[in-house]
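Protein sequence lines, in the order shown, are assigned to chains A and B.
Reminder that position 169 of the first sequence reads as 169 in the working numbering, one-by-one numbering, no gaps.
Reminder that position 158 of the second sequence reads as 158 in the working numbering, one-by-one numbering, no gaps.
Bear in mind the hints are in silico, worked out from the structure with no lab data behind them.
There could be a bad hint or two in this list.
A few chain A residues facing chain B, derived, Cβ under 7 angstroms [stated by the list, open to error]:
1) Thr13
2) Phe14
3) Pro15
4) Val30
5) Ala48
6) Arg74
7) Gln82
8) Gly84
9) Leu85
10) Arg92
11) Phe97
12) His106
13) Asp107
14) Ala111
Beta carbons are placed, not taken as given, at the ideal position from N, Cα and C, and that holds for glycine.
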Amino acid sequence: MVSFRDVVAVLGTFPALAGVTLDVEAGEIVLLQGPNGAGKTTLLRTCAGLLPVVRGTARILEFDLAADRDVVRRHVGLLGHQNGLYVDLTVRDNVRFWGATAGASHDEIVAAMVRLDVHDRLVDVPVRKLSAGQRRRTALACLVARRARLWLLDEPHAGLDAASRDELDRILRQAAASGATVIVASHELERATSLATRVVEVVAGQVRET
Amino acid sequence: MSVWKITWLIALKDLRIERRSRVITDQVLPFAGVTMLIFAFALDADSVLERVAPGLIWLATMFSLLVLVQRAFSIETDDGALDAMRVAGVDARAIYLGKSLSLAVQLLVLEVILLGAAIVLYAQTVPLDGVVLLVVTLLTATCGLASVGTLYGGLAAGIRGRETLLPLLTLPAVAPVLIGATRAVEAALGTAGAVVSDGWPWVGLLAVFAVAFGVGGTLAFGPLIDE
């Protein structure tokens, strides 16, 4: 699913990934842990096709990331530090829009909102009026509606209450059980470690198995 | 999903955001109106105002374009939505065309209102034989402005200092539209002895500009917004 060999990705001239070798199989939930600035977010963004690979070989699913970045992106769902929402639109409008861009059906879109508990009293509330946790759940509903094959999540539990965190973990386990690949960067080691099937340490732009 | 379906999705999304946030009615229109008024006070001679009114309409439109483009891309960058669209593999051509379409609709509404304001403020009249020329000018000029605005808006979106960079990039590029549209509207309104037939070559220029930037923007937008 994900196969990196000595991958280098740069931010400006800085080698944020300095020769990453990593293999992740379908159905795995891999936790990326490491200090701030280690390259966890950069690794996720590179997997998402947002940053170009300048050296090494990288395959995501069955595609060459260097040659087929555009194609890779259609199969990837990334939830980064920002939520990717339109704050003037309602929860319903946002999930509908993001689901529609991925060709999701009406039922799939509704199911995603129900799953993340944003289908009821919040559905017609503009995102700008939501709390941070509610916005996070809305962003996760958009991700679920997109039915990605590779899930990339950067601090996904941030801002969520306990019930939402448990539900998110269930969703991730279910996605992995359905054959998706999940890569999570998190500082909440206790929760993320119990969720992950494997833990990988990112240090100074490189990766070490733990 | 086809490029056109996604284009439509994005254009509707932007127009829905505008309907909810009312930036045009609450901010852009008052700004354009104040611009027109200030020009009227500054020039303060009916004969001069009558002569330059077509140019003033388009000048106010240019300044308003900058505000609209800033807004069109701030909604994409504020919470990382443009990044999210790139990750989602949304075709960059569809993003460009959708945002251009939405911008064109907003600009058209603005231009019609500004034309009405000019008729009132600057004592302009629209002869019957100039109506078709006027409508075609509005449409072609709008397409050109929307194409350029979206292209440079996308270029400036991820850059620090984009608020000052955008006018620097956009205004020189839309200068041909300012000139062509002004001349065509002068012909449509019969300003300073111009006749309707004088305006059609300028409409031709606007159409070429719109097509060139529309096609170029569609092809260039993807690499521009990618890292």
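Outcome of the hint check:
{"no.": "1", "hint": "Thr13", "in the structure": "13 angstroms, violated"}
{"no.": "2", "hint": "Phe14", "in the structure": "13 angstroms, violated"}
{"no.": "3", "hint": "Pro15", "in the structure": "15 angstroms, violated"}
{"no.": "4", "hint": "Val30", "in the structure": "18 angstroms, violated"}
{"no.": "5", "hint": "Ala48", "in the structure": "5 angstroms, holds"}
{"no.": "6", "hint": "Arg74", "in the structure": "3 angstroms, holds"}
{"no.": "7", "hint": "Gln82", "in the structure": "3 angstroms, holds"}
{"no.": "8", "hint": "Gly84", "in the structure": "3 angstroms, holds"}
{"no.": "9", "hint": "Leu85", "in the structure": "5 angstroms, holds"}
{"no.": "10", "hint": "Arg92", "in the structure": "11 angstroms, violated"}
{"no.": "11", "hint": "Phe97", "in the structure": "5 angstroms, holds"}
{"no.": "12", "hint": "His106", "in the structure": "14 angstroms, violated"}
{"no.": "13", "hint": "Asp107", "in the structure": "17 angstroms, violated"}
{"no.": "14", "hint": "Ala111", "in the structure": "19 angstroms, violated"}
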